[in-house]
Structure formats: structure tokens, C-alpha cells
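Peer 1: Modelling step: build the complete structure from the supplied sequences, incorporating the hints.
All the letters of the sequence shown, read from the start, carry residue numbers 1 to 377 under the numbering used here.
Because the hints were derived from the structure by calculation, they are not lab data.
Treat the hints loosely; a few may be bogus.
Claimed, not checked - As a list, the in silico DSS-like pairs of lysine-lysine whose alpha-carbon atoms are at most 25 Å apart:
#, residue 1, residue 2
1, Lys331, Lys289
2, Lys289, Lys222
3, Lys192, Lys214
4, Lys214, Lys56
5, Lys57, Lys214
6, Lys57, Lys222
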Amino acid sequence: MTDSVIKRRALRVQQHPTIPLYLFTLAAEEVDQVADVARISRDEAGKLIGYQRPEKKQHVKQILEYLDSDEVLFPNGLILALPSSVRFRASPGPASSDGLATSGTLEVPLPQSRDEPRPAWIVDGQQRSLALSRTGRNRLPVTVAGFVTEDLATQRDQFLRVNTVSPLPSNLVSELLPEVWTPLPAKLSARKLPSALVDVMNQDNESPFRGMIKRASTRPEKRGSAVVADNSLSTAIEESLNSSAGILFLHRNLSNNTTDTGSIRRLLIIYWTAVRDTFPYAWGLPPTKSRLMHGVGIRSMGRLMDRVMANVDIHSDDAVDSACKELALIKSECHWTRGRWSELNVTWSELQNTPRHISTLSNFLIRVYVRARANAS
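Peer 2: Encoded structure:
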């Protein structure tokens, strides 16, 4: 690269008191020089990196075909997170500002070689940016909204907010939520703690789920052993946390808005360890071979947890054994890998992750458990 900086006429928009926002244009070929995509993944220590979903090749192909057509109108802009090294010089004179925006010149530094990192990150428009980097119209003007921050949490927050019209994959949203600390909409906020607990279950050495939960950041070579969908477990935890009848709800203090996450972690590990030990033949298999690992099994056993763990002292040394004794009451009625759920009139493989099957199976398990416990007393 010959030039060390790109200079563009720009508007500085007065929105946030500490985060500058600039509106400007780049040529198609310059987008790839200025901005990179922060792909979601995890480092060796399990820390979440990035936030973007994988490339959608068909989507990129469709955009590229349009960009290379005869007449192009491309108002769809990009949103970039700019580095603090950008410089803005306001135009002289009173006409440069109208109280809403200030006109001037924006300077964006460029890397000196392809080996150096690009200064900006793409927050919204990664599929468009990939198509722009490949189009023959390399001087096509592209509108850009760039806000200045190098804080990854702020970038993730904006990424989640701008992707609400065309919904992001739910597992990507779920994994990003624990990393966002700014106020969120109510629906997203309710999913934040359950997702963080799923992270714990996937990484804690004591968890029976360690390495078994499939997340958006799961590496391809690890996907064979990641047999549990994160959304299934996250939803099961969320139901128990938010329902007054849920066992996890008891560990929330609504008066001061605090949650005993330590006790919740212990309860989840105890219960699901007992589930693993009660059904070892069905644990860890792909959901096509075990409905216990399937969404319908995780959700239904999650609802049973509220009944079972009400009868287990999670602080006792034999808590796992106690939970196993409770689950033994339903063991003979379960057909996770073969056979037929006679009372439900379905074979094991016919159970699906649908609201009807989840409700039917969970009601059956709870009914069997309550009846067996009453008969045993």
C-alpha cells in the first residue's frame, strides 16, 4: 500500500457524549483495506473472541452478481468500529455545523502491508463487504457509518442491536449475550444469565456437559463431540429461572435483583451428573442416536429438574447420590435410545424438538415421578 491514510469528507454526528460517529464514503476496493471481520471463536483458554457469524457464500454471490450488473444502486451501507487513531478536522466557518452534525475531513490510517492488521472492524455488513472486495466495480462509492471504539463489548452490543430485523442465528445471539454489559432489551436481558450458565456447563471441569455443548464458536474439529444444542439447555435453564415454580427461581432475590449463581452452578452440575449416571448408555451420543441428548430430552429433563431437585440438599456430600435415587423412580419408563414410549404411543426416534412433544414428554416424566414418589412414601 502506497498511501498511509485515507482522507474523506465526512459528517460528525452528535449522538453519544463520548463515542464519535462519522458518516462518510469508501470506494469498494478500500473497504477491504480498512476493515476486517471479527469471526466468533474461542481461544485456548476458552475466552470468547469476535462476534460475526460465518460467511454465507450464496448470499455473497447474489450481492456480487448485482454489483457486477449493468446499473447499480447500492444504498445499503456498512457499519464500522473505527480505531481511536482516526482524526477528524472540522471545516472552518459557521456553516460547517447545524447542531446535529459537523462537516469536515476524516483521516483513517492504513496498515503499511497486508501482514499488518486492518484498523477497523465490520459491525454490520460483512456479507456486503465480502462482495465489495470481489466486484469489478472497485471504485463504487459505498456509504459508511463509523463509530470510534476499540472496546469489544461496545462492538458486540451494537452488533446485536443492528441485527434485529433479519434475526441472527439464535445460538450466536445466545453466546454473545454474556459478553455484553450495556442495558439490553427485556427479551435479550432474560437470556443473558442462562447463556452464561451454559458457558459454565461447557467449560467447568466438574460439569458432565464439559465440551459437549455446540456453540457458534465451536471449532469444526470439536463438533463431533459437541452433541447438545446450546439453545436447548439455555432455554431449559431460562424456564427454571423465570418461573416461580422453577427450582432455579428460588436462588434469585427479586428485592435487590441479585442471583446466587454459585448455588445455581452447583445445582445444575449435581442434577445433570445424576442424569448422566442414571442413563449412561444414552449420555454423550449424537441426538440422532439418543433422544436424551436431543432438544426434546434436554428440555423435558430440565422441567423434571424442578421437581427432583426440590427433594435434594445440594449442599450435602451425597447430593449426586440423592438425585440418582430420585431419578431411579422414572428410569424404567424411559426409552432414550430404543424401544417405545408406550403411554405416549411413539417410538424413541419419533420424539422431536417441538412444543407438543416437549410438553407431552415432560408432563409424562413429571407424572411418573410424582406418582412413584407418592407410592414410595
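Peer 1: If any of the earlier hints don't hold here, list their numbers in rising order.
Peer 2: none
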